[in-house]
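Taking the hints into account, I'd like the entire structure generated from these sequences.
Number of protein chains: 2
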Amino acid sequence: MNYNQRSAVSTVPNASPIKVGFIGLAVNKGWAYKAHYPSILQLSSQYEITALYNNNVESSLETIQQLKLSKATAYPTLESFSSSVNINMIVVSIQTSNHYDVIIPLLEYSRNNPNLKYLFVEWALACSIQQVETIYRAATERGLQTIISLQGRKSPYILRAKELITQGYIGDINSIEIAANGGWYGYERLAKSPSFIYQLGNGVDLVTTTFAHTIDILQYITSSYFSRINSMIFNNIPEQEVLGEHGKRTGKKVKKTVPDHLLFQGSLVKGNVPVSCSFKGGKPTKKFTKNLVIDIHGTKGDIKLEGDAGFAEISNLVLYYSGIKDDEPQSQNGVAMFDSSKELIEVYHLRNYNAVLGNIYRLYQSIADFHFNTKNIHNLSPKFIMQGFEFEGFPTFMDALILHRLIDSVNKSSALGSTIDVTNICQYP
Amino acid sequence: MNYNQRSAVSTVPNASPIKVGFIGLAVNKGWAYKAHYPSILQLSSQYEITALYNNNVESSLETIQQLKLSKATAYPTLESFSSSVNINMIVVSIQTSNHYDVIIPLLEYSRNNPNLKYLFVEWALACSIQQVETIYRAATERGLQTIISLQGRKSPYILRAKELITQGYIGDINSIEIAANGGWYGYERLAKSPSFIYQLGNGVDLVTTTFAHTIDILQYITSSYFSRINSMIFNNIPEQEVLGEHGKRTGKKVKKTVPDHLLFQGSLVKGNVPVSCSFKGGKPTKKFTKNLVIDIHGTKGDIKLEGDAGFAEISNLVLYYSGIKDDEPQSQNGVAMFDSSKELIEVYHLRNYNAVLGNIYRLYQSIADFHFNTKNIHNLSPKFIMQGFEFEGFPTFMDALILHRLIDSVNKSSALGSTIDVTNICQYP
Chain A
1 MNYNQRSAVS TVPNASPIKV GFIGLAVNKG WAYKAHYPSI LQLSSQYEIT ALYNNNVESS
61 LETIQQLKLS KATAYPTLES FSSSVNINMI VVSIQTSNHY DVIIPLLEYS RNNPNLKYLF
121 VEWALACSIQ QVETIYRAAT ERGLQTIISL QGRKSPYILR AKELITQGYI GDINSIEIAA
181 NGGWYGYERL AKSPSFIYQL GNGVDLVTTT FAHTIDILQY ITSSYFSRIN SMIFNNIPEQ
241 EVLGEHGKRT GKKVKKTVPD HLLFQGSLVK GNVPVSCSFK GGKPTKKFTK NLVIDIHGTK
301 GDIKLEGDAG FAEISNLVLY YSGIKDDEPQ SQNGVAMFDS SKELIEVYHL RNYNAVLGNI
361 YRLYQSIADF HFNTKNIHNL SPKFIMQGFE FEGFPTFMDA LILHRLIDSV NKSSALGSTI
421 DVTNICQYP
Chain B
1 MNYNQRSAVS TVPNASPIKV GFIGLAVNKG WAYKAHYPSI LQLSSQYEIT ALYNNNVESS
61 LETIQQLKLS KATAYPTLES FSSSVNINMI VVSIQTSNHY DVIIPLLEYS RNNPNLKYLF
121 VEWALACSIQ QVETIYRAAT ERGLQTIISL QGRKSPYILR AKELITQGYI GDINSIEIAA
181 NGGWYGYERL AKSPSFIYQL GNGVDLVTTT FAHTIDILQY ITSSYFSRIN SMIFNNIPEQ
241 EVLGEHGKRT GKKVKKTVPD HLLFQGSLVK GNVPVSCSFK GGKPTKKFTK NLVIDIHGTK
301 GDIKLEGDAG FAEISNLVLY YSGIKDDEPQ SQNGVAMFDS SKELIEVYHL RNYNAVLGNI
361 YRLYQSIADF HFNTKNIHNL SPKFIMQGFE FEGFPTFMDA LILHRLIDSV NKSSALGSTI
421 DVTNICQYP
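The listed protein sequences correspond, in order, to chains A and B.
With the first letter of the first sequence counted as 1, position 198 gets the number 198 in the UniProt record's numbering; the numbers rise by one all the way through.
With the first letter of the second sequence counted as 1, position 334 gets the number 334 in the UniProt record's numbering; the numbers rise by one all the way through.
Rather than coming from a laboratory, the hints here were simulated on the basis of the structure.
In silico DSS-like pairs for lysine-lysine, Cα to Cα no more than 27 Å straight-line:
hint	chain 1	residue 1	chain 2	residue 2
1	A	K253	B	K300
2	A	K29	A	K192
3	A	K252	B	K342
4	B	K248	B	K192
Partial pick of chain A residues on the chain B-facing surface, computed with a CB cut under 8 Å:
hint	residue
5	D302
6	K304
7	S322
Beta-carbon label-pair distances, calculated as ranges:
hint	chain 1	residue 1	chain 2	residue 2	range
8	B	G183	A	N424	30 to 38 Å
9	B	G201	A	N424	28 to 36 Å
10	A	P382	B	Q199	57 to 65 Å
11	A	Q427	B	E241	35 to 43 Å
Ideal placement from N, C-alpha and C gives every residue a C-beta, glycine not left out.
The structure is reproduced here in structure tokens:
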């Protein structure tokens, strides 16, 4: 089956690989090391790491040595890194709260760098809609091709769900329910867990992370933005108990300012479909419900996506489908019928799929497909403004900006106690 | 196990049975015949049917004859019926849209009837908050003991869930999700189906019936009203296709004005618990989800209630419980632990439970317990103002009024596009 409408094996390009400069790659720790580095290793014909920048150059030098990055240089300053002609793509994979202060100068320093073409930044891009707007404008002015790691769009399960819906396998969408449980916003935290993830304003909270990734996935699957939304944000667990090594109780309580619950409901632009969502922290409740459940009910079939963790973009999932294809006749001799012999059932699960790595890998693959025009698309545009709901391509800063507008509306709806019309947030400028 | 804290077998009272006058009991048709009549048959020591009133007296006479109601009289007029001294309890079981026009004169006609003590009316009591307010005041002034058929409160599954929560089996409630699917608000309707159930204003729509019964059950289980709510009401299926005998397509389309979807979210007064609800019509989606799912997540356990139909008050359910009781220690030698040997699992299901009949039967049983003081409660009040969240007793017009205020807020929230504070709707006057 052609699950994601892309080549199963990327062809090796007959050209130089994309030279990647990393901000935030350090050996043995962090997301860049866990997800980006192995993705690039697996795409060694398409990418090579040529530059590293970290807060201290020793960390970069050690990383180069230990990872045997023979082509890479450790740059001592952001300026020297950003202006290096030996970089085609900069990847920013540091704490979101530092993004703004790095990206704005980076864009300035790189102004006269002729070889820099791509800027790939981790979601959430920045911590507020204002910062995101500024970054978006600066990057657009600089003329870079942007990429944002809304990597859930590259999950094979998400692509399969999108394909089933697009091809009419569930008819029209009737309604959607989502329930996601993100463990760490709950009653306890580990002492070794970094405290910034529990502090509001750092761009890694329940709304900015769990909700945004999941709702982006839903919009992508359904090929629709929202028309109106209402939300309620809760911080019902203002203090967490600190657990030491091996879950040892310390008796210590610490403040938590990030929310632990988000109720979100609204309707899609397309079909006015009602969507009901509940995102929460606290004890994972695995007895009778999975930590992630996305139920999509159509007039001719249903799709259910389930995962063990409430983070669809980094979880291995299971997709269940049951339905009848749109073009099957719904009546015979004038009698409405449900011909069960026409009913299709599918359970789609890649047993060993590593979603943490796999979705980021597929994102890099898409960028390479674009760069090398792997699919020989005639008149391929040199710039890819936004992905929107296309199967091909990758999400850009514009996709990120639109999603941040939704986050902003979610915050406003909760604060003001009102239902908000968001029909126009996908329009630009 | 003592599932519902009431006597398993009602004692036979050493007193005359309650004399019941029915408005709307007709042989072989309707809800009174299906649910009320067999309930009374099974409680023949506590109740006897002594009077019938229907639009035409022939129907009453035929019913008396065929059901062999030897003690019953067919009254030709509402006035003669209401003033009959041979009635202790009047049961009104007709279309909700006719309630107001029957109940208001009934209360007037019965003003000097010394033997009439009980007035038992089917939910939704009336079609609007204004009508309900008027009926409530008139019945209170008349001094009758009122009963409303919010019979979901008598479901053994609901009582068991309430008991588990009250006794600390799931700790504090963290969050709740409800999804209910009511088939008939969907894309098709049977030609023989009465058209009033598809017309707004008749008190039998998705909000007034499906939502109200279910949310009443939820409030009852959790012993809490809501503090704030937001809702969105949809009529995405303004036309239904008419199906004839054996599902034959007629090609005819008819108007539907009742909603087919309701999104509802809010927080409970108790614990500020987030509640996410989705009620919908359309094709039943039985492949991956039940038509009724109530998920209650606590800090120490979970309860899941499931049913095949989206109507909790008339469905046989299954209750799943898993958790650790509140008073079990959560740490040992200072180490946080989850002692799985202390974990309880329960699946509660009465295989042959007829919920249509059973919940109404249990409601009659509660009224009889009150009337005959079956449980020998010292100083039992002669009037039972409201049930609220008590295990004992039965819901009254005041419970109905409070629920109608919530319905009214749901309609307002959707129409105004705002989140509404409902903290005070349970306060009276």
